[in-house]
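With the sequences and hints as input, model every part of the structure.
Chain order of the listed sequences is A and B.
Numbered according to the numbering used here, the first sequence spans residues 1 to 237.
Numbered according to the numbering used here, the second sequence spans residues 1 to 258.
Please keep in mind that the hints were generated in silico from the structure rather than gathered at the bench.
All C-beta atoms in this analysis are idealised placements derived from N, C-alpha and C, irrespective of residue type, glycine included.
Possibly wrong hints are sitting among the right ones.
Below, in silico cross-link-like pairs of lysine-lysine (BS3-like), each with a Cα-Cα straight-line distance of 27 Å or less [said to hold, decoys possible]:
#1 B:LYS119 x A:LYS116
#2 B:LYS90 x A:LYS134
#3 B:LYS122 x A:LYS216
#4 B:LYS90 x A:LYS216
Computed Cβ-Cβ distance ranges for the label pairs, DEER-style [claimed, not checked]:
#5 A:ILE69 x B:SER40: 28 to 38 Å
#6 B:GLU182 x A:THR65: 56 to 66 Å
#7 B:ILE253 x A:ASP112: 35 to 45 Å
#8 A:GLU211 x B:ASP180: 25 to 35 Å
#9 B:GLU182 x A:LYS158: 51 to 61 Å
#10 A:PRO148 x B:GLY185: 38 to 48 Å
#11 A:GLY117 x B:SER212: 24 to 34 Å
#12 B:SER40 x A:VAL77: 40 to 50 Å
#13 A:LEU54 x B:ASN196: 52 to 62 Å
#14 A:THR202 x B:GLU182: 43 to 53 Å
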Amino acid sequence: MNLEYTIFIDYAPTILLGFWLTLKIVVCAIAMGIPLGLFLALGRRSNFVFLSFLSTSFIEIFRNTPFIIQVFLFYYVLPFYGLRLSAEYVGILALAAFGSAYFAEIIRAGIDAVPKGQLESARAIGMTDWQSMKNIILPQTLSIVIPPLTNQTLTLIKESAILSTITVHELTMTGLMVQGETFRPFEVFIMVALLYWALNETIATIMRRFEKNINKNRNTGPTNNSSAILKQNENTR
Amino acid sequence: MTLNFLELKGLHKKFGDITALNNVSLNVSKGEVIFIIGPSGCGKSTLLRAVNWLTPPDKGEVWLEGDIVGSLSSKLTIEESKLLNSFRAKMGMVFQQFNVWPHLNALENVVRAQMVVAKRNKAESEVKALKILDEVGLSDKINEWPDNLSGGQKQRLAIARSLAMDPILMLLDEPTSALDPELVGEVLSVLRRLVNNGMTMLIVTHELGFASKFGDRIVFMDGGEIIEEGIPEKILKTPKTQRLKMFLEKLNITSFKQ
Ligand SMILES: Nc1ncnc2c1ncn2[C@@H]1O[C@H](COP(=O)(O)OP(=O)(O)O)[C@@H](O)[C@H]1O
Ligand SMILES: [Mg+2]
Numbered sequence: 001m002n003l004e005y006t007i008f009i010d011y012a013p014t015i016l017l018g019f020w021l022t023l024k025i026v027v028c029a030i031a032m033g034i035p036l037g038l039f040l041a042l043g044r045r046s047n048f049v050f051l052s053f054l055s056t057s058f059i060e061i062f063r064n065t066p067f068i069i070q071v072f073l074f075y076y077v078l079p080f081y082g083l084r085l086s087a088e089y090v091g092i093l094a095l096a097a098f099g100s101a102y103f104a105e106i107i108r109a110g111i112d113a114v115p116k117g118q119l120e121s122a123r124a125i126g127m128t129d130w131q132s133m134k135n136i137i138l139p140q141t142l143s144i145v146i147p148p149l150t151n152q153t154l155t156l157i158k159e160s161a162i163l164s165t166i167t168v169h170e171l172t173m174t175g176l177m178v179q180g181e182t183f184r185p186f187e188v189f190i191m192v193a194l195l196y197w198a199l200n201e202t203i204a205t206i207m208r209r210f211e212k213n214i215n216k217n218r219n220t221g222p223t224n225n226s227s228a229i230l231k232q233n234e235n236t237r
Numbered sequence: 001m002t003l004n005f006l007e008l009k010g011l012h013k014k015f016g017d018i019t020a021l022n023n024v025s026l027n028v029s030k031g032e033v034i035f036i037i038g039p040s041g042c043g044k045s046t047l048l049r050a051v052n053w054l055t056p057p058d059k060g061e062v063w064l065e066g067d068i069v070g071s072l073s074s075k076l077t078i079e080e081s082k083l084l085n086s087f088r089a090k091m092g093m094v095f096q097q098f099n100v101w102p103h104l105n106a107l108e109n110v111v112r113a114q115m116v117v118a119k120r121n122k123a124e125s126e127v128k129a130l131k132i133l134d135e136v137g138l139s140d141k142i143n144e145w146p147d148n149l150s151g152g153q154k155q156r157l158a159i160a161r162s163l164a165m166d167p168i169l170m171l172l173d174e175p176t177s178a179l180d181p182e183l184v185g186e187v188l189s190v191l192r193r194l195v196n197n198g199m200t201m202l203i204v205t206h207e208l209g210f211a212s213k214f215g216d217r218i219v220f221m222d223g224g225e226i227i228e229e230g231i232p233e234k235i236l237k238t239p240k241t242q243r244l245k246m247f248l249e250k251l252n253i254t255s256f257k258q
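As structure tokens, then:
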């Protein structure tokens, strides 16, 4: 198969425009999805039965149905209720909702991974439930949840390709259109794939750095340094 | 008033079929140091955790300085929760497993609750924290992470964290049980200071030597009940019940082995 290199150059601006929209959509979806996920996680653990029920239902519905169906429902059903949004905004909402369900479960697992004594000591000293969460539990949750949250973010970026089915001119949609014009699927989709890959790789790298930084600044959990010291103590006994 | 500084009235607690507390009542005067002893699983921890409502009892009341602590209704009102939190701030609790906060350094461990709960400003909280850390012998560890502290240092840090709230009562649940023998002394010497300063304390322990020296009273529990109580001399030298005799014998044998 011959590569037609001019395609890369001629259509780069178009493809990059699609990439730019993907980037904007994904950033908005994550910016909404993670706080919503935190809210859902706390809601699910809450003592308020109604809040807990709503959160659990939301999480389970969005985790157990195909994303493409959720997108169609958002796209075709919202207008019925008078909410006329452009496809891009529908896409952001759908992606944020879908992502938040997974983010919520990751955060909930992270909270559960903090030893029970941590919450007890916070409550015993007079902190409210929320003060304990904010000051004691969630900071310790952070270093636990960063790797799975990163994974979920990468998944979300890949899933955003599905928004092409509701006419959002994001990266995949743009690729499809360019391929329809040029009939050069190989060149076009190589470009598209490379851009998704570059974005994900960048995010993964940034998050790895961030994680390292946290573990350096706050000595959560037995890091190498502390376990070495513990072992040392063990030996001198 | 002095007699009823702390009053536990008819506390009951069940976990499923297990009766952890069975009609436990106890009066504690201000400044009194009470040691609670008894076999494992007899309800000592549950009793301490009932005092600050960390484990709310099924029945019974806790009174501190003439005010009732906690409420038996399963859902506390906002007012009740606020009140409960203010009681908890006055009752320092020290756990067997220390439960220091690993994401905060030693100084921040002592500062955080002062700012969040007692609403003191940062400067004020730090001054107080430094003073207390010095008192428990950790002035050279203020920037250290808890993970880098020994068990004895962690427990002293946990005690400092409680003391920073100006508690009027301390609840200590086997504060030295998780420590290696050579680290027990440093924690006991901090406790000795508290005793000398007149702190009111309920201490669950197996350190009978310490209890007999510094306790005003020893309470012996078994099966969720208080079986015997009295001055250390009486409890340790002339136990009345068979259960206490057996418990003391067993404890002596194990400590002899060590
Ligand atoms: N959260 C709990 N759930 C179920 N059972 C419990 C719980 N806490 C304590 N128990 C039970 O209650 C009894 C008393 O426990 P505890 O107060 O911890 O005893 P102690 O501190 O004297 O060893 C034990 O049988 C224990 O297994
Ligand atoms: Mg116990």
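(request) Taking the numbered hints from earlier one at a time, note which ones the structure violates and give those numbers from smallest to largest. (result) Result: hints 4, 5 and 12 break, sorted rising.
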